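**Q** Protein chains in written order, with the numbering used here: chain C, 18 to 360; chain B, 234 to 458.
Hints may contain errors.
Unchecked claim - A partial selection of chain B residues facing chain C, derived with a Cβ cut-off under 8 Å:
(1) Pro295
(2) Val300
(3) Met308
(4) Phe310
(5) Lys350
It should be emphasised that the hints constitute simulated quantities derived from the structure, not laboratory data. Bear in mind that the values here come from a model prediction, so they are computed numbers and not experimental data. Note that the Cβ used here is the ideal one computed from N, Cα and C, for glycine as well.
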Amino acid sequence: MAANYPLLVRDALVKALGIDPANRPLVKQATDMVSASARTQLHDLVVANPAIIGTTATVSLLAEGNIDSANKGQIDLTVEEANRKVKDQQLEWMKKLTETGAMAKQFNTGLFTYGASSRPEAAGIGVAALGSLYMMLIVLALALPIGVAASIYLEEFAPKNRLTDLIEVNINNLAAVPSIVYGLLGLSIFINFAGMPRSAAVVGGLVLTLMTLPTIIIATRAALKAVPPSIRSAALGLGASKMQTIFHHVLPLAMPGVLTGTIIGLAHALGETAPLLLIGMVAFVVDYPGSPMDPSTALPVQIYMWANEAERAFVRTDFGCDHDPLDLPRRHEPWRNPVAASL
Amino acid sequence: MARSALFDVNLNVRENTVTALIGPSGCGKSTFLRTLNRMNDTIDSCRVTGKITLDDGDIYDPSIDVVELRARVGMVFQKPNPFPKSIYENVTYGPKIHGLARTKAELDGIVESSLQKAGLWNEVKDRLHESGTGLSGGQQQRLCIARAVAVSPEVILMDEPCSALDPIATAKVEELIHELRTNYTIVIVTHSMQQAARVSAAHRHVPPRQSRRGERYRQDVHQPG
């Protein structure tokens, strides 16, 4: 469905604002007020409903990020026009369009459905949320059964000797390893050695599984230890085998503790950014990943990346920090920039 | 460090009688009792030598299935320890794992007869699906006895079953033990001479550990009045 969609936008604006189409600089200023994502927006509209071709339809398009900021009063208008992202002419048009009702403030639901974008108005957490969901499913599917099985073995079946003591100490130590070290491990084992794809949710999920396992094992072992021995004797005394005793009585009683450990581990994994930096999940991902093998990113990584963007709208909508976006050099002085300082 | 808790023990337990073991704390009564259904197996460092026979079969023979043995030799513990499940599930757990009942009706029958044997049926028949842990201490202990009875064991071992109960509950449990002896062989550990006399056809005195070497269990047979 290739077509000159920006032309449609331009013609509509020229008509609405009453500009001379031959005045190229003025037309450019006008088209700059609409997000460049309008092109894909119109394209998607036509693909979804080809019958729309040749008709006249009213379509809502996103405003450009700086126009949006100006509309919300977040741009300092006392700055000289040449140094301002929003020109006087555009401000005038904004006023006109608002009066005719052609421009209005709306909640941008794309925040929840769009992927990464260099334009704040077209950026969203949808893609990152799906990446995080894939990783959490992988972590849950791997860490919970492996963690619970390991705890049951260590707590109920393994002989108490020097080897199991050593294993216990090591598991406790693993729980305290900085998460970025797990990222290094994942990079060298899953990507360099096993040849798995970079930036993929499956690698992220595996790394976070390794990170979550010790938490789950420690919590599960504590929960198993807390089950009163009288319950075990009661079941054994009735002739239940060791397996039956554990799976019918001990594990159900330990379940609340197991789930608490799992939730803490998952929440920890969900908020983790550092290991994902190393396995390439700090990626500019625009499209939804079709499977865990596709490039994807994660929610905390998305927030981290937005925090590094220069546009006012990124910073404002994400952090609400008060900072002059036009004074670019100062952004790189951390003591002047609360965002940089907090990272 | 290996230490022997019991040494040179020789004891006959007669069928369908109540045999009471009495002796001071720490002399090894419970340890002895636990050898009778191999509950000591769960303690890694515990070792048993010698021979214990049940109907001429050595229960420490390697070919013996402990699970089957424990179904034949049930146990009631010092503290009431019902599972944190409903009364019904507490009683049916044993029959279920041993495959004693095929249908719900059979299970219901086992629950009723076991609770009746334990003298608990009239008290709980209307709330079989409430938690077993919500009962009073005495009721809980009788529930544990019903649970043990439900798998139709030949022998029931009781490790101070009344020590956590008040006198009224104790009296009920004692009466129950007295009645159960017609169908089951019961070995009970107790601290109270009176209780031993009340419930048992025979009681054996376990001498304190210090004097155990070379000494045998005295078989003081006491015939209740």
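**Q** Hints first: check each against the structure and report whether it holds.
**A** Hints versus structure:
no. : hint   : verdict
1   : Pro295 : violated, 17 Å
2   : Val300 : holds, 5 Å
3   : Met308 : holds, 4 Å
4   : Phe310 : holds, 6 Å
5   : Lys350 : violated, 16 Å
The earlier numbered hints that this structure contradicts are 1 and 5.
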